[in-house]
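Protein chains in written order, with this note's numbering: chain A, 574 to 867; chain B, 4 to 362; chain C, 83 to 337.
FYI, nobody ran anything at the bench for these hints, they're computed from the structure. The structure displayed is predicted, hence computed values, not measured ones. Check before you lean on any hint, since a few could be wrong.
[As the list claims (entries may be wrong)] Here are some of the chain B residues that sit facing chain C, going by a computed Cβ distance under 7 Å:
no., residue
1, N181
2, N184
3, I198
4, S205
5, A213
6, E216
7, D217
8, E222
9, M224
10, G225
11, I226
12, K266
13, A311
Just so you know, even glycine gets a beta-carbon here, dropped at the ideal spot from N, CA and C.
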Amino acid sequence: MSQFLQQIVNGLSLGSIYALIALGYTMVYGIIRLINFAHGDIYMVGAFVGYFAFRAGLPLPLVFFLAMVVPALFGLTIEFFAYRPLRKRNAPRIAALITAIGMSLFLENLGILLFSPDPRPFPRVFTNEPIHFAGGVTISIPQILTLAFTSVLMISLTLFIRFTKTGKAMRAVSQDAEAAQLMGVNIDRIISITFVIGSALAGAAGVMVGILIPRIEPLMGIMPGLKAFVAAVIGGIGVIPGAMLGGMLMGMAETLVTAFISSTWRDAIAFGLLIVILLIKPSGIFGSSSRTKV
Amino acid sequence: METETTTGLEKPEAVEKWRTHLLPAGLAILVLLNLLIFMEHFGFDIVSRYYKGILILAFINIILAVSLNLINGITGLFSIGHAGFMAVGAYVSALLTLNMGRWELVSSQVQAVLQFPLVLLAGGLAAALAGLVIGIPTLRLRGEYLAIATLGFGEIIRVVALNLNITRGARGIPSIPNYTNFWWAQLFAVLTVVIIWNIVHSNHGRAMVAIREDEIAAEAMGINTTYYKVLSFTIGAFFAGVAGGLLAHHLTFISPKGFDVLKSIEILLMVVLGGLGSITGSVIAAIVLTALPEVLRFLQAYRMVIYAGTLVVLMIFRPQGFFGRAEVNLAFFKSLFRSRVEEEMKSRSEERGGNGGSA
Amino acid sequence: MALLKVEDLSLSFGGLRAVSGFNLEIKPGELVGLIGPNGAGKTTVFNILTGFYQPQEGRVFFDGTEITGLGCHRINRLGIGRTFQNIRLFNELTVLENVKIAYQYAGGYSWRHTIFRTGSYRRYEQEIAEWALSRLEILDLAGKAEEIAKNLPYGEQRRLEIARALAGRPKLLLLDEPAAGMNPQETMELLELIQWLRQEFSLTILLIEHDMSLVMKLCERILVLDYGMTIAEGSPEEIRNNPRVIEAYLGEEVS
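Same shape as in the complex, but just chain A (with noise of 0.2 Å):
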């Protein structure tokens, strides 16, 4: 029993950085419906940036600054330049999927170009010495760190988008383009903010997953990003709530089948939950089914 209960706590720690990570996701899928594949990446550069900056001796808050503005700079100058001049030539959806996926293969080779494909270990920032629980549960600092920081990041975006204008914008655009734009919402901006905060929560992933396991490498968002994806996909593509949920089960179910099956079936349990959830549900948990129109 304290086993399981000790599997959760991990579980709820990989998949509150799952979360984060899906949250870019589903946030650019809402609003033009892409498939953002340079996203994992995006989560990768976030890594890379606080590794240098715990290197360079930086305090722990000015860390989590850098590494979510950097990538956030990153998500914004590819949406600018790759993904921007596909929409306003109107290219077919699957251009501008190529063409994500050209950006992922592009920043995982500069960074394999640049700090080699070696894996490096992230400097240990805190002790590792767990605290102990009632019921034989331990906890570390750094999955306390997580929680905490997440939970934070989370219930910010979410206060962000209900009550902000911009947030409120936001929604306009991914329920109705056109209408928002109608009514007098700058679109591209709301594309850009978007980019920004979805760089953002990932970079911060980034930084998280180092500390957590401590060990990065350039090729490091390839699978989180995919599983990220497909978390989004699992809690319902565009809505955020359900990009919350659906990395969180991610997290539990990848950590128990590690925990009580075995560590090679981890991957396929990913997909396996996806395809599960997805001939229940075609359209996620949160998902609105919306009936084809004939």
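Keeping the supplied structure of chain A fixed, place chains B and C upon it in accordance with the hints.
Okay, now just chains B and C, sitting in the frame of chain A:
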């Protein structure tokens, strides 16, 4: 809408022009290559092993791209799990070859020639079966949901290969006999292109295209959309399996690593770059994308960065791929058969006596 | 015997009763109009008849067999063709290809012919092309056979939809607002066309239309639907003077 293309870009004069020369030029190069490689039998080693290796890979990639195009471009099903079907074909055919044993009736060379196509066929059928099993539940999903589900299945196949005893997990299967040569690869590539071309230009192909254009209208026109979706998926999977078998007997070693998401994405790139729905476009894109990394080899460490950058730039300037939905201009090809076909048409219309076919 | 017989059809979406207790009987060769205010459930009836929606209650018989719950494509093959309110052509294909697709079952040839391009393949293809072209001629679209469907003007797109429906050799043709978006001149031409088609192919037609002048001139019998229920049925004359119809259309002109 997904298929909104910038029609103004569809057929610029220049493209139209070089499309007319593409087919004769391509055929001429192919014939020349065949001659050059055939000279080996007389002791002239003109084409080096390295180049032959690239040619074989190009043929395998043609099979992969054209078969994925049937699913993605013709039927409009967004699938990115092609590497999974490839893996099924590769493993099944490799394991069959390794466990086939010696036939007693024929010499070992004859056995190799006889068993290889059978083994490839078996690999293809196994992949088709996987396609059928995966297709039936997932093909009711749409767009990105279908894409991610097929990607997921592709990954699951890989993880299964990683965990089974018979596939030897991550260690992979070594020392597969090197049966794939230029001739086999060419034969299967040509067969794939011809068969898929014929399917696309038949009433079955029209049913698939109708699904891409408007599934609801297709259903209202009496097309069993589920049947054709599953069928297109299964046929695509079959050829991916054959390609996997060819690859296994070319590389002589396979492991789950070679069939990951990146492989699926690589095939998708060929299809999109060639133009969704254009079979000849897929053929050309497969050749270009096989050659490109080799051509860029002089860039060394910068190679993959430049490759990825090129891809992004290409997509921005030509989002509909090389050909859009158009095919290579077949005027040349038709002129070869023109007289025969025309005569036949004429005699047939005389036979009918202008009956109009409205009976 | 009735060609189409609908008994007590009901379907609701969530809490909304789109169709309730709908009955209909159409004899071979009849031309029946289905009218009613927006959202009355007319298109829903079409969608149930053609198999897009499954009714929660009720049964549908066509040509002596029950078709309730059959798949859409099977119903089409039994002989019910339709057009769509919001035009659903195969946009990127040529006009000719649009019609060829609808000829699927009649011109079906086997996989052997497809893969090996046998002589039969060419014969069948020739036959399909000729048949499709003849449908286009009927609707005066033959000159546009090679044009991309989405580039046709609106009126011609509507005609192409009819041509496409005819290519499936229907016994019963369901037209969903065929005159929508047409000017009076085009509407009159459409009226003549429908009458002529009906004669020429001995078709039975059920049509939804908002253009009252067209419905009144064309149909022998009219059903009025409101809130998913039939509120009136009869000849154009009877419908015109029915108080319940006037009430349902309050503010709209019924003449």
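- Query: Hint by hint, which ones does the structure fall short of?
  - Reply: 1, 2, 12 and 13
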